[in-house]
Amino acid sequence: SAVISQKPSRDICQRGTSLTIQCQVDSQVTMMFWYRQQPGQSLTLIATANQGSEATYESGFVIDKFPISRPNLTFSTLTVSNMSPEDSSIYLCSVEETRKGVYEQYFGPGTRLTVT
Amino acid sequence: QKEVEQNSGPLSVPEGAIASLNCTYSDRGSQSFFWYRQYSGKSPELIMFIYSNGDKEDGRFTAQLNKASQYVSLLIRDSQPSDSATYLCAVMESSASKIIFGSGTRLSIRP
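Chains A and B are the protein sequences, given in the same order. Residues in the first sequence are numbered from 1 upward in steps of one, following our numbering. Residues in the second sequence are numbered from 1 upward in steps of one, following our numbering.
Calculated from the structure, these hints are not laboratory results. This structure is a prediction, so every number in the text was calculated from the model and none was measured. Ideal placement from N, C-alpha and C gives every residue a C-beta, glycine not left out. There's no promise every hint is true.
[To be verified] Dumping the calculated DSBU-like pairs for lysine-lysine here, alpha-carbon to alpha-carbon at most 30 angstroms: (1) A/7 to B/56; (2) A/65 to B/67; (3) B/56 to B/67; (4) A/7 to B/42; (5) B/2 to B/98; (6) A/7 to B/67; (7) B/67 to B/98; (8) B/56 to B/2; (9) B/56 to A/65; (10) B/67 to B/2.
[To be verified] Short derived list, chain A residues pointing at chain B, Cβ under 10 angstroms: (11) 12; (12) 13; (13) 14; (14) 28; (15) 31; (16) 75; (17) 92; (18) 96; (19) 105.
With the hints as extra help, turn the sequences into a complete structure.
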């Protein structure tokens, strides 16, 4: 499976500031996904990032708050803008792989964000 | 709103017993189903996927799918303390290439 890395692994930020999270994959992938996992909760999809096009955002998430870049097939960034304590969460990058008709989705190690 | 439902647990199972985790989903057209394991403080890890009705076995894990009942389950045989984790059921939407996750079942294997 693809090896996914994220930077930073964790950060503590002040409210009103922005943080950009990087996701790097060791192979070319078509679709990358950004998820949020709030404490004790399951995974919520923020957006799908395809190379060469604008990200597709899920209900409740907007580009002004979570701008995403996807400059190539191995890299993506998610920015959490104008942060508030409610943005404290784990942010996860995910990629899909389809091999021999089998679809699989893998996750990076996550970025633990605390907003004070 | 398409949903994936799981009992949040915790489910406590003695070591060596069979742990049974259940999941129901609302999207009748879904064709792909996944089980992820998530240890505390770690990211989810894909452990099983199933596409066809019936059972699929992989080592100590068996996934079961019943599309008519919209029901997916995961059985863990010979449970070990290292199986203690949260297990997330995930379903691919029929209308889009995205996966919806359940809230997870916390499993605890007691020695």
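Outcome of the hint check:
1. The suggested pairing of residue 7 of chain A with residue 56 of chain B is violated, with an alpha-carbon distance near 36 angstroms, which exceeds 30 angstroms.
2. Between residue 65 of chain A and residue 67 of chain B the alpha-carbon distance is near 38 angstroms, which puts this suggested pair outside the 30 angstroms criterion.
3. Distance hint between residue 56 of chain B and residue 67 of chain B is fulfilled; the C-alpha atoms sit about 14 angstroms from each other, no more than 30 angstroms.
4. A C-alpha spacing of about 15 angstroms is found between residue 7 of chain A and residue 42 of chain B, which places the hinted pair at or below 30 angstroms, so the restraint holds.
5. Restraint check for residue 2 of chain B and residue 98 of chain B: the C-alpha separation of about 12 angstroms stays at or below 30 angstroms, so the hint holds.
6. Taken as a hint, the residue 7 of chain A and residue 67 of chain B pair is broken in the structure, with Cα atoms around 40 angstroms apart against an allowance of 30 angstroms.
7. Straight-line distance between C-alpha atoms of residue 67 of chain B and residue 98 of chain B comes to about 19 angstroms, which keeps the hinted pair within the 30 angstroms bound.
8. For the given pair, residue 56 of chain B sits about 25 angstroms from residue 2 of chain B by alpha-carbon distance, which is consistent with the 30 angstroms threshold.
9. As the CA atoms of residue 56 of chain B and residue 65 of chain A are separated by approximately 42 angstroms, the hinted pair breaks the 30 angstroms bound.
10. Only pairs whose Cα atoms come within 30 angstroms are accepted, and residue 67 of chain B paired with residue 2 of chain B is accepted, the gap being roughly 15 angstroms.
11. The restraint placing residue 12 of chain A at the interface with chain B is violated, with a minimum CB-CB distance near 16 angstroms, outside the 10 angstroms limit.
12. For residue 13 of chain A, the interface hint is violated, since its Cβ never comes within 10 angstroms of a Cβ in chain B; the closest pair sits about 20 angstroms apart.
13. Taken as an interface hint, residue 14 of chain A does not check out: its beta carbon lies about 24 angstroms from the nearest beta carbon of chain B, beyond 10 angstroms.
14. Interface hint status for residue 28 of chain A: violated, as the beta-carbon distance to the closest one in chain B is roughly 17 angstroms, over 10 angstroms.
15. With 10 angstroms as the threshold, the beta carbon of residue 31 of chain A comes within range of chain B, its nearest partner Cβ sitting at about 7 angstroms, so the hint holds.
16. Contact between residue 75 of chain A and chain B, as hinted, is not supported at the beta carbon level, the nearest pair being about 18 angstroms apart and thus beyond 10 angstroms.
17. This hint holds: residue 92 of chain A has a C-beta 6 angstroms from the nearest C-beta of chain B, less than the 10 angstroms allowed.
18. Below 10 angstroms, beta-carbon pairs count as interface contacts, and residue 96 of chain A has one with chain B at about 7 angstroms; its hint therefore holds.
19. Because the smallest distance between the Cβ of residue 105 of chain A and any Cβ of chain B comes to about 6 angstroms, under 10 angstroms, the interface hint for this residue holds.
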